[in-house]
Amino acid sequence: MAMTGMDIYKNLPKSNCKECGFPTCLAFAMQVAAKQKALTDCPQLSDEAKDAFADASAPPMKLVHIGPEGDAQVKIGQETVMFRHEDKFYNASALAGKVAASLSDEEASARLRQINEAAFSRIGQDISVSMAAVEVEGLSADAAAGRAKTLADASRVPLILMGSDPAVVAAAAGAIADKKPLIYQATADNAEAMIKVAADNKCPLAATADTLEELADLARSAADAGVGDVVLSFDGRDTAKTLRNITSARRAALKKNFRALGFPAMVDAACDDPFKETVLAATFTAKYAGIIIINGLDGSELIPLLTAAQNIYTDPQVPNTVEAKLYEVGDVTDSSPVLFTTNFALTYFSVEGEVERSKVPSYICVVDTEGLGVLNAYAGDKISPEKVVKTLGEQSVADKVKHRKLIIPGLLPPFRAEIEDTSEWKEVIIGPESATGIPRFLAENWN
Amino acid sequence: MEVTDIKEKWTNKIRTVTIGATADEGGTRANTVTVGGETTLPFLTFEGEIPNRPVIAGAIADVVPEGWPQILKDAIGDVINSPAEWAQKCVEEYKVDLISLKLIGGDPAGANRGPSECAETVKSVLEAVDVPLIFWGCDDEEKDNELLMECSHAAKGEKCLIGSATESNYRTLGAIGTADKHKVIAEAPVDINIGKQVNILLQDAGFSLNDVVMCQVTAALGYGFDYVYTIFERVRIAGLKGDDLMALPQIANVGWETWKVKEALQDDDVLPGWGKLADRGPMWETTAATGYLHAGADILTLAHPKSIAAMREAIDELMAN
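From first to last, the protein sequence lines stand for chains A and B. Our numbering numbers the first residue of the first sequence as 1 and each following residue consecutively. Our numbering numbers the first residue of the second sequence as 1 and each following residue consecutively.
Chain A extracted, bound-state conformation (with noise of 0.2 Å):
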């Protein structure tokens, strides 16, 4: 049953010695509490109160690592909801490109540049495919360790290690264990041997079964084996099944601190319609998939995905917030307008749609509303005329235009004499009310 931050304290040292990170005993003990942290990241814990509490103050969902350490590294699970606004989504979902058995080693080095390939950013965050799933079905041991060393020496990032003949995955996790790969993976039919090659090679170890009872006594398998580091894993393109079975594994864990299930879960999801793949993809990136297998690798398909992602894990207690500064949108110039805005996501990004559409090329002013928008800003007191004259002045906004017309949000008319008052942005216009109202006014007032 979950422990109250003040049970756990109680079986601490009670010594502050911030060893653990953290200022204070209490204040750890509310982190365990959170399940953000584990009891035994406290070094000075008496081996009684570790075995007493150990199993109960465990994350109810284990965090796994898979790949060497660094910043490639992957790392999946430890959630805590099921829904994000009950908290949040912590640890995204990994796309990972597949790379099948059946290309030659020509085909499968340039595959793998195209997966290194894959990083874009949005809206100021990398995002990119962060696996390779390498199939060695079907290969010979020789060839599957061959195409394992080759592609995980030239990989930007961690390798799943696909196949079905433990011992052909052995010999290929053999040839790259200091990569800890995911060894992908153990059924009904390959337990006791894929475990085993998990096990040997010290590497985290995918799982499946039909029903979630025989997962679960796989998962017990493998932690019986010595592999802690165990992810659950399903066939995506079951769509119905897959949800029903994605979602009671994780409620069993997260609510019911199930510990044979309490393990992250991936979804392979590849399959030759590049719409029909985005549709799995997307759909088990909302419900909880903390890996995705997929086959395409067009930026067309993977931006989609990967903003999902992106939105799906971003924090709901976190307003999303903008760089407060002086934005150019096209080729600006000094007789280009100047707009303000919040600092909000997502009216700086409607703003800075709306001026692109309009294809006249301004400079977005953004002054820092601790992520509020326009109205919430104004009734908070987060935004004012002085703040905004403020700003103008800290990015040095007149410096950059030769006119002094400044354009306000149509929310906030009252601004306008305010500003003409008391700064050298002498002509104030009252912009639209709403960002889509943009394109328009900029042509009706702006030559």
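Each statement offered as a hint is correct.
DSS-like cross-link-like pairs, simulated, lysine-lysine; straight-line CA separation at most 25 Å: (1) K73/B / K276/B; (2) K88/A / K75/A; (3) K37/A / K18/A; (4) K241/B / K256/A; (5) K256/A / K7/B; (6) K276/A / K73/B; (7) K241/B / K88/A; (8) K9/B / K88/A; (9) K260/B / K276/A; (10) K426/A / K390/A; (11) K405/A / K359/A; (12) K405/A / K390/A; (13) K276/B / K276/A; (14) K7/B / K35/A; (15) K256/A / K37/A; (16) K306/B / K95/B; (17) K255/A / K35/A; (18) K276/B / K359/A; (19) K9/B / K256/A; (20) K7/B / K255/A; (21) K255/A / K241/B; (22) K276/A / K306/B; (23) K241/B / K7/B; (24) K181/B / K196/B.
Honestly, the hints are just simulated from the structure, not real lab data. Treat the numbers as computed from the prediction; the structure is a model and nothing was measured.
With chain A's structure known, arrange chain B on it following the hints.
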């Protein structure tokens, strides 16, 4: 190993709303479309019923939407110039369940068509197809009050779904819906509390919530999708837990919002490495629609034929298994 029982015990049922009227019911539709009635979260049939499948509405407009990219216009073809033919193509080729007509031609800042001209468009679409109709105003509140009234009269008895009632115009929409026996969309600006408030206002004005579909200003993927996705989930969970004011079917206006954002407008000459717009655009629409479907949308409004096909196949698959 036996797995612990994880079934949720939902106590409430989402209301059902039936759109369209057949000849027997005083209309001219070949069939009606019923949405809602769930006693569980989307597709989790192990703990409740999903008596009515989520449906797809083909998004059309009375004038060619300004700003839509050429790849979308090309995919739809010449029929985009005729709402009646566009509607027919949606029904016959894309196999949509109903039509969602937006009367943007009424916009005073745009084509500024009069209410009677808009009403003629509504009639022409009702004559051209025999599926139920959703129609929306032009987003200019003053104009819409007049425009929707006249369109409503023109479609009297057809039990259309009319969008949209907001905090400020709910009285007018409620009155129109009651007078001409239509259903009403209650819309809120990405705010779950206002969403509930609009429902309360409509109910207090004498309009039955059994004739209301909820809508949040639907965000495109990447532009507030996370907010709206979560509102859909919260509304559905509240409804299933017993809040009758939230136990309403929901509509996601995906098509209309998608085709305004950069990723669905600009090709790879502007966004190098981001793939061809002809693929990326409908993928953008499809990805958002998938999210909303799993968050609790009962009606998805979609514009691109590829998005419609992908979502129809997905819903078929989910409902069959």
